[in-house]
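**Student:** As you go down the protein sequences, you meet chains A and B in turn.
Each number in our numbering corresponds to the 1-based position in the first sequence with 40 added.
Each number in our numbering corresponds to the 1-based position in the second sequence with 180 added.
Keep in mind the hints are simulated off the structure, nothing from the lab.
Heads up, a few of these hints could be off.
Said to hold, decoys possible - Ranges of calculated distance between the beta carbons of each label pair, as one might list FRET restraints: (1) A:Leu146 / B:Lys434: 39 to 49 Å; (2) A:Gln148 / B:Asp362: 58 to 68 Å; (3) B:Glu213 / A:Ala147: 49 to 59 Å.
Glycine included, C-beta positions come from ideal geometry on N, C-alpha and C.
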Amino acid sequence: MMNFEEIITQKIQYLNGETSQDLDDKMQAIVEANPELQAEIEFIETIWQSQSLADDHQPSPALDARFYQMLSLAQSSQSPPTNDMIPETKKHWLDTVSRLFSLKPLAQFALLVLVFFTGWNLNTPSQPLVQVTSQKLEEQIATLNAMVAMTMLRDQSATERLAGVTYSAANAQNDTGLNDLLLELLINDNSSAVRLAIVDALAKRNNLHDIQSKLMFSIKKQNNPLVQMSLIRLAIQKQILIDENTLSALLNDQSIDTDVKDYIRENRRQLTGRHSV
Amino acid sequence: MRKICALLLAACLLSPPLLAEERKINHSISLQEPAKPAHIEASLMNGSILVEGYDGKNVEISAVVKPLKLITAENTKAESSTTRPSKGLKKIANTAMYLEVEKDGNQISIDSMNKNQNIALKIRVPFNSNLDLALHRGDAIEINNVHGSIEVGNHDGPITAKGIRGPIVAECLRHDLVVIFDQYDTSKPSSLNAHRGNIDVTLPKKSDVNIEIKTYQGEIYSGLDAEFKAVDTVDKDASEHEQRISFGGAMAAKLNKGTQQLLINTYRGDIFLRNK
């Protein structure tokens, strides 16, 4: 005997589209014979039709299953769903291209090329571009060193100026402006320690012929015998010749210390370049 | 006769122009910024300078005007040539002290260029003060326990600096220069120069110093744990393919790392280097 539940289930399955077969004659006869059953069937039909449930697009069972899987994962790990959970959509080729050529990968690629290029060029110093760059860098460093030395040399403190002389001798021997300042201080600095250090710094240069006349002029301007003798020794060491008239003037100068005059006399031949016959 | 000469001699010695009263002054100066080093400049024409470091914040100056020396023959001649009559007038001994003290922030200048007075100047300074001292005639310059930078020149007397750290730039002409380092400051180079005087330097064993010595006729004596070698200079003229080598000229020694230079120059004086 068919029960009411089977009839209602058949009706719902038909309304859901799960079956194409509505109630058969036997079922229909039972429905018509039972007013309560008939009312219930009519109620179900009314509800189904008013909500238009038959017209709505329902997710497929497979999609439903994936949705609930995602939900359970999200609830358990609190992490966003990964790409393999998200239903795959068809990728457009433009998306791939735009992803490859976006700013960040381009910048990374450019940096990699720059590093490679720089390393390769540094290992091949014969490259003219690297030589020019290296030379300019050295010139800038030399200029900076000269500026530091000049700042120290203009300080009021003799200890600072002394430090400036030793700094210039170690780091900026070839700067023209710095050498001019050193020559000026050789004559005008009030500290003989600074002037002695300048003479020592000049002694380390290879060629003094360009400043030869200034050096000889500064001998007469000195008020310290040690500095005068250092300059005379410098002239001997660098083969800077002094003419006889200048030497005679120094020997006759009352302000020149006797020790200095003795030193000049002892080294007269070397200073004038006259050799014994 | 002897009694008369003795009396006359006593009268000469006690006469007002020769017996000036000693005059003393004391003055204390507070620094504008006690936490920062003071910079003291002192320049005297005639006298002596003593500077002592102490654990304080003020700069304390005391000066004594010493009695004048006997009037020289030249001065007597100049005095007798005055045209104005002075009969009946009493000569007043000039004890006015010409000593200027200026303060500008932490910078203090003490100056006296009076040739007719002998000033014994004593200054007490905070330990970390910087000094710039000059004495043209007279006696000694003495510095004790000052740890800042020192620049000192004595034209006619000796210089003694004890318990210092440097850097120091010191110059003597005819007298000895004695320096005893408490520590050796490697921030800047130091230079010691004497024309005819001796230079005597004491260094702590741990000093990082590169010593370079030049002396024309003096001797070098060393008790340091470092070997002295002659510094040779090689000049090469690349264009003419010539080279000139100067042997000697300077002697150099490196103590420990040799971080900072100590330059010593004399003409006739001897050089003494001692360990502390």
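**Student:** Output the numbers, in ascending order, of every earlier hint that fails for this structure.
**Tutor:** The structure conflicts with hint 1 only, although it agrees with all the remaining ones.
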